[in-house]
Structures are given as C-alpha cells and as structure tokens.
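Novice: For the protein sequence lines, the chains are B and A, in the order given.
Numbering-wise (the numbering used here), the first sequence opens with residue 1 and increments by one.
Numbering-wise (the numbering used here), the second sequence opens with residue 1 and increments by one.
Hints may contain errors.
Derived, one-sided and incomplete: chain B residues facing chain A with beta-carbon distance under 8 Å [claimed, not checked]:
(1) E79
(2) Q88
(3) E94
(4) Y102
Please keep in mind that the hints were generated in silico from the structure rather than gathered at the bench.
Computed from a predicted model, the values in this text were never measured in an experiment.
Even for Gly, the Cβ is constructed at its ideal location relative to N, Cα and C.
One letter stands for each residue in the lines below.
Number of protein chains: 2
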Amino acid sequence: MSYSIKEVADMMGVSTSTLRYYDQEGLLPDLKRVNGIRVFEDKDFKWLRVLNCLKNTNMPIKKIKEYVELAKQGDASLEERYQLILEQKNVILEQIKEWKYYLKEIEYKEWYYETAIKAGTEEAVKDCTPETPTLAVDRIPQKEKNRKKE
Amino acid sequence: MSYSIKEVADMMGVSTSTLRYYDQEGLLPDLKRVNGIRVFEDKDFKWLRVLNCLKNTNMPIKKIKEYVELAKQGDASLEERYQLILEQKNVILEQIKEWKYYLKEIEYKEWYYETAIKAGTEEAVKDCTPETPTLAVDRIPQKEKNRKKE
DNA sequence: ATAAAAGTTAAAGTGAACTTTAAGTCAAGT
DNA sequence: ACTTGACTTAAAGTTCACTTTAACTTTTAT
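Work out the full structure, taking the sequences as your base and the hints as a guide.
Specialist: Written out as structure tokens, the structure reads:
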C-alpha cells in the first residue's frame, strides 16, 4: 500500500507542512517520489513510529537527524545507535520521575484549594505547607537543561 | 532572610535574566525592591515553588500569568484557581501516561539493538516488530497539541 | 477539456521563551 | 576616591520547530 502526504499527516496527527519540513531536514530517508510527489509506503511507517517516539520525548530535530545518518551507515553504526537509544531511554526515565514529583506538588495544591473553598477563605490554609517543606527550595529537582554556570 | 536575584537564580537553576524576564511578564507578584534592586524574601519561595511546578509541566508563561492575576483577586477566585490546578493535574497525568508508552517503545529499540549487536548485523532483527504491531500507525497516541483539522 | 483539489519549492514569517547588548546605577573593598 | 562587580532597564537578537505565502505543477473529478 502507498499513501499520500495528507493521509500520513492525518494518521500521525501533524500537518502536511510539518512532514515536508521533516523531509527537508532529512528526517524521512529514502522516501519514494513519483513525478516529484512524495509517496509513503508501509516500510516508512516503521520509521515514522520511531520518529514519533523520539520527537515526542523531546529529542531535537538535529539529533534525530544524526540518528538517521548513523542508520544510513548500516551495521558499522549499530553500537553508536544503541548508545543513542540508551541515552534517550534515560531521558524518558528521568522525565517520568520528574513528572511524578510535580504530580505530588499539584496534588498538594488541589488539597489546598479544596480546603480553602470549604472554609470559604484562603486564610484557613495560608500557613500550611506541602509535606516536603515549602522553603526548602534546594529540594526542587532541577532539569539538566536548566542548570547554568553563568 | 532576604536573597539577591543571583542567589535565587542559583537556587532555582535558572539565569538572572530569566528571573528578570519572569518579573517583566508579571510572574513574580509583590516582589520587594530596595533602591530599585529586587529583594527576594522567604514568602516568595512559596510561590517560586509553585511557579517551578507549573513551568516545568509545560504551562505557558501567559497561563501562569493568568493564575497570578486570579490569585491577586483573593478569595473570589478560589474556585477558578482550583479548576486551573485540576486542569494542570490532568495535563500531568496524561503526560505520565504518554511517556510510559514511549518508554515501552524505546525498550523495544533497546532489545532490537542488543540482538543486532550480538548477531553482528541488523539483518537478524530487521523483520521483527514490537509487541504492539509496527504498522498500526493509528495506535500511536497523539498529543492534543498535534491534532489538526487543516 | 477543464476546473478544482492536492501536490511541489524556496523563502519569509511566527510565537514562545529566553538571551544578549548597551548604557547606565548602586554597593563593597582598598 | 576609585575601581570592581552586581544590579538596573529597554530593546534587539537568538533558537527551535514549525507555518505561511506565492508561484507553480500534477492529479482527479465532471
């Protein structure tokens, strides 16, 4: 089976211009063309699925491109590609950890407002603190990307 | 205790210019000034912690600003603020679900490369598919933000 | 045969979240 | 008193990931 750019865009939940942009950036290797028109085939979906995963877990376009280039080199780059995947797995694990922490934070806020609404005023909870003490700013987990030397 | 912008920046893992930018955007309400110089006090850290949570869970600056404005209105906005927090809790829950899905995907890739490296060639795994079949593109979870009518 | 719909490109534009620059003020140490 | 370093502002610049535009070609439907 073969698919038009519009069909693939709809399947992936992106716009056609986004797919053309990805193609331009070298993120759609070996894409078939008929009279200059892009034709997606079943084999392409295998990669689109990986692309979707990397993209939605914050891997920059440039790094995805690097991965594509490695893949083009064949078996010689297996180890490098493996390392890149391991790195990304770690990114994902760290993210999940972080989001779980923020879930706790927001659940405290949820409790805070429930209590305040019941009481009719924020005064009732104003001096409360989350279980992990509020003032311990150094306990706020910091994203790698945020850390700065300056 | 009071803290300089640099001290706070270091504690939060951001640059001083980022904090000034947040201030400019109205994200640091009631910030004390001495001779025009920003002075952070303990009470500010309570808010900085919430700010940190909202910011790192993808809430746009503009929406955080709305939250700040609601808070300024006092008890009258309790219900609205509660709803905003509930919405954000959902954002977080959805994100965790999504990232857990991508963890499975990447773990398949991890297995894929481990197998290929052992065999010395990708040929050995080329025709394998993850447990959830590769070609079922419609099973790829799509972020709200990605969905388009076009 | 023809009109409309969908495809193409290169290039310019957008929006979010900062970051940098330039010109200046304030505070601390020698 | 003076230099150094941290602070201030407004405004311009940057980066990323698209999105839009304009001019054009190809495909599809009537």
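Novice: Does each hint fit the structure? Answer for all of them.
Specialist: Against the structure, the hints come out as follows:
Checking E79(B) against chain A: minimum C-beta separation of about 6 Å stays under 8 Å; hint holds. Given hint, Q88(B) at the interface with chain A, holds; its Cβ is 6 Å from that chain's nearest Cβ, closer than 8 Å. Interface hint at E94(B): violated, since its Cβ lies 10 Å from the closest Cβ of chain A, which is beyond the 8 Å cut-off. Hint status for Y102(B) relative to chain A: holds, with the closest Cβ pair at about 5 Å, below 8 Å.
Against the hints set out earlier in the document, a violation occurs for number 3 only.
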